[in-house]
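Asker: Chains as they are written, first to last, in my numbering: chain A, 1 to 385; chain B, 1 to 385.
It is worth saying that the hints were derived from the structure and are not from the lab. It should be emphasised that the depicted structure is a prediction, and the values quoted were computed from it without experimental measurement. A few of these clues could be false.
The list treats identical chains as one, so a pair stands whether inside a single copy or across any two.
Stated by the list, open to error - Okay, derived cross-link-like pairs now, EDC-like style, lysine to aspartate or glutamate, Cα gap no bigger than 20 Å in a straight line:
#  : residue 1 : residue 2
1  : Lys16     : Asp206
2  : Lys383    : Asp327
3  : Lys341    : Glu315
4  : Lys43     : Glu380
5  : Lys20     : Glu5
6  : Lys229    : Asp206
7  : Lys31     : Glu331
8  : Lys52     : Glu380
9  : Lys76     : Glu354
10 : Lys16     : Glu5
11 : Lys296    : Glu380
12 : Lys170    : Asp29
13 : Lys339    : Asp236
14 : Lys361    : Glu66
Number of protein chains: 2
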Amino acid sequence: MQNFEFYGPTRVVFGKDTIKELSRLIPRDRKVLMTYGGGSIKKNGVYDQVKKALEGYDLLEFGGIEPNPKYETLSKAVEIVKNEGVNFLLAVGGGSVLDGTKFIALASKYNGDDAYDAIMKRGEMPDSAVELADVITLPATGSEMNNGGVISRISTSEKLAFHHPDVFPKFSIIDPSVTFTLPVKQTINGIVDTFVHTMEFNCTYDVNSPLQDIWAMGILRTLISEAPKVLANPEDYDARANLFWCATCGLNYWISCGVPQDWSTHMIGHELTAFYGIDHGQSLAIVEPRLLRNQKVAKSQKLAKIAREVFGINEPVDLKAADMAIDKIEEFFNSIGMKTKLSDYGIDAEEAAEKIRTRFKERNVAFGEKGAITADVAYEIVKAC
Amino acid sequence: MQNFEFYGPTRVVFGKDTIKELSRLIPRDRKVLMTYGGGSIKKNGVYDQVKKALEGYDLLEFGGIEPNPKYETLSKAVEIVKNEGVNFLLAVGGGSVLDGTKFIALASKYNGDDAYDAIMKRGEMPDSAVELADVITLPATGSEMNNGGVISRISTSEKLAFHHPDVFPKFSIIDPSVTFTLPVKQTINGIVDTFVHTMEFNCTYDVNSPLQDIWAMGILRTLISEAPKVLANPEDYDARANLFWCATCGLNYWISCGVPQDWSTHMIGHELTAFYGIDHGQSLAIVEPRLLRNQKVAKSQKLAKIAREVFGINEPVDLKAADMAIDKIEEFFNSIGMKTKLSDYGIDAEEAAEKIRTRFKERNVAFGEKGAITADVAYEIVKAC
Chain A
1 MQNFEFYGPT RVVFGKDTIK ELSRLIPRDR KVLMTYGGGS IKKNGVYDQV
51 KKALEGYDLL EFGGIEPNPK YETLSKAVEI VKNEGVNFLL AVGGGSVLDG
101 TKFIALASKY NGDDAYDAIM KRGEMPDSAV ELADVITLPA TGSEMNNGGV
151 ISRISTSEKL AFHHPDVFPK FSIIDPSVTF TLPVKQTING IVDTFVHTME
201 FNCTYDVNSP LQDIWAMGIL RTLISEAPKV LANPEDYDAR ANLFWCATCG
251 LNYWISCGVP QDWSTHMIGH ELTAFYGIDH GQSLAIVEPR LLRNQKVAKS
301 QKLAKIAREV FGINEPVDLK AADMAIDKIE EFFNSIGMKT KLSDYGIDAE
351 EAAEKIRTRF KERNVAFGEK GAITADVAYE IVKAC
Chain B
1 MQNFEFYGPT RVVFGKDTIK ELSRLIPRDR KVLMTYGGGS IKKNGVYDQV
51 KKALEGYDLL EFGGIEPNPK YETLSKAVEI VKNEGVNFLL AVGGGSVLDG
101 TKFIALASKY NGDDAYDAIM KRGEMPDSAV ELADVITLPA TGSEMNNGGV
151 ISRISTSEKL AFHHPDVFPK FSIIDPSVTF TLPVKQTING IVDTFVHTME
201 FNCTYDVNSP LQDIWAMGIL RTLISEAPKV LANPEDYDAR ANLFWCATCG
251 LNYWISCGVP QDWSTHMIGH ELTAFYGIDH GQSLAIVEPR LLRNQKVAKS
301 QKLAKIAREV FGINEPVDLK AADMAIDKIE EFFNSIGMKT KLSDYGIDAE
351 EAAEKIRTRF KERNVAFGEK GAITADVAYE IVKAC
């Protein structure tokens, strides 16, 4: 096991009928800005539940945060926070709303000109952030228990990640029953996102960390067992709850303690989303199998473990087992209705590969647990997609 | 899955050579009381490492906190905290030192006469506690990432537990290499303690929580795989690290989210320790197999899962698989050198059973996930020990 430092101060309130706990969790004296997305919370009743729980609070609203939240949109919320003296942000929605709200929380404390360049690119972080919490409605990003976010910028086709210790949500309310009405596409995207987060945290090389490995593979096993139940019966509370808890645990750092990571599927996927506008989950489902195949030798120990523990494959030779695991992963994505080839989305693989190579060369990147995913390797991976 | 609330704000700094991080983690202006036990930290070099890291701090010391820490001893430290204006407690040692220090942290803010009766029995908690952190040297209690403690009182032969949100350690430093020199007996006690914590969190009845179950069973599997390595080679860093991480994760509440629990083995074990002075780990190893046998029907779903996932037993009938799992658990305890019968410790089972029945009747208890462990059932369990 490698040395590590773990910190995760978010309080999680999980279960049926938990949105009403808001009035216990937010101090009465706070001036609250409630942030949300395109309005689905108004259709599924979450908006009403939140408003009811916060009756009597000094409450403002900011709607319209889009999927892959945009700097241009979030800047408008930052103005409201600064002008109105907001001191508590409540994100109500999915990971995009929450990621966007984390950025708002930080950017509201930044006094320079261009908060995106400062926070996302130069790492010029303000010392603190506005206090924030969430009612998370989509099992996918795990943003509800971590201190990261991913923000896009329209004007430059950029999509970058940031982390800051002060943007751990103070609390996250997770009521799995609000996911009953999720569109199938979002359910599937979330399952793939969770699956790939777990892979990125664990599927590198073996450092003698049996507990972390079992836990990561436990998330994969649970996704595989619960996904078909949810697709067959969207109102299966237990299966919805299990999927949501997998999504949260897929990115709350519990499985990542002491193990080397590789976030290159996300890095490449972010570019596909930035260039072509495909969903985050779709981009991951496209890249992951090809990236694993490309890095099969380096990742063979972990892939073989996954083959045996997750897919029950009795193949003693690691490299062969690794190949079979990669097939099984793509089969799983396909089995829940997720398409895994660029051509399925009308994207030319050669063109996409070239664009990403150029972008990565500009940034001089080398992703992967040992820096093996250079711009040229990324080109090969995307070309094979 | 059941509704749950999770909160765990402790920062963990885990790995080789991490004690030196103390000076980064404790603000310079704190007046620190370092607490420790019988002096083993002076033999294994931990004391010197801590003193070196804290050079320049305003630092007091309080040694002599015993295993199963005593109210009578801790009260002396409370006097020091109050008289000297200590505002940071650093526990250096095992779970007993840390539990004792959590009690000191609370009792130092209590202004009444008898802090034990107030905190442990009447639940009259002070509003806050003195800030505390630890260098934990013994993988066992998991106290390093939770907000509980167990404190004994000599004058009344009592051993009781308490919880308070302010006694989560601010940080815990875990350097597994300091456990190389642990006496074998303490290593074994810690393994059993961790095993039983995990069982108490999970082995009740099935609530459709596959991830939590896999994670709990992952701790059991890891204990079983790593324990023999540590006993064969006490300086196997990886195996020591894996055991320590199991101990921490066995009681940091990660595996307990949304599942019903049963702490009756601990409740009965605490009485055996209070009456006869046997080690905490020994008491658990004695009680657990008999309690599981007594509650086999109620716990058959989970025991059968453990049989299959932890011990690889292919037995389709739950009740039969449950019986085999219980045998395997006792075999595991015995295999690492832990004796599991009261007679092994020179204790008369009938007498012990009677004492515990009397004590539990006084308190009118009904332990277990469904209150099935009454005083009379506890009598039957202990008599069978």
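Asker: Each hint needs a verdict: does it hold in this structure or not?
Answerer: Hints, one by one, checked against the model:
no. : hint             : in the structure
1   : Lys16 to Asp206  : between (39 Å within a copy, 18 Å between copies)
2   : Lys383 to Asp327 : within (18 Å within a copy, 55 Å between copies)
3   : Lys341 to Glu315 : neither (27 Å within a copy, 43 Å between copies)
4   : Lys43 to Glu380  : neither (44 Å within a copy, 57 Å between copies)
5   : Lys20 to Glu5    : between (34 Å within a copy, 14 Å between copies)
6   : Lys229 to Asp206 : between (32 Å within a copy, 18 Å between copies)
7   : Lys31 to Glu331  : neither (49 Å within a copy, 60 Å between copies)
8   : Lys52 to Glu380  : neither (53 Å within a copy, 52 Å between copies)
9   : Lys76 to Glu354  : neither (35 Å within a copy, 71 Å between copies)
10  : Lys16 to Glu5    : between (33 Å within a copy, 12 Å between copies)
11  : Lys296 to Glu380 : within (14 Å within a copy, 57 Å between copies)
12  : Lys170 to Asp29  : within (16 Å within a copy, 27 Å between copies)
13  : Lys339 to Asp236 : neither (25 Å within a copy, 46 Å between copies)
14  : Lys361 to Glu66  : neither (29 Å within a copy, 61 Å between copies)
Hint check: violations occur at hints 3, 4, 7, 8, 9, 13 and 14; the rest are consistent with the structure.
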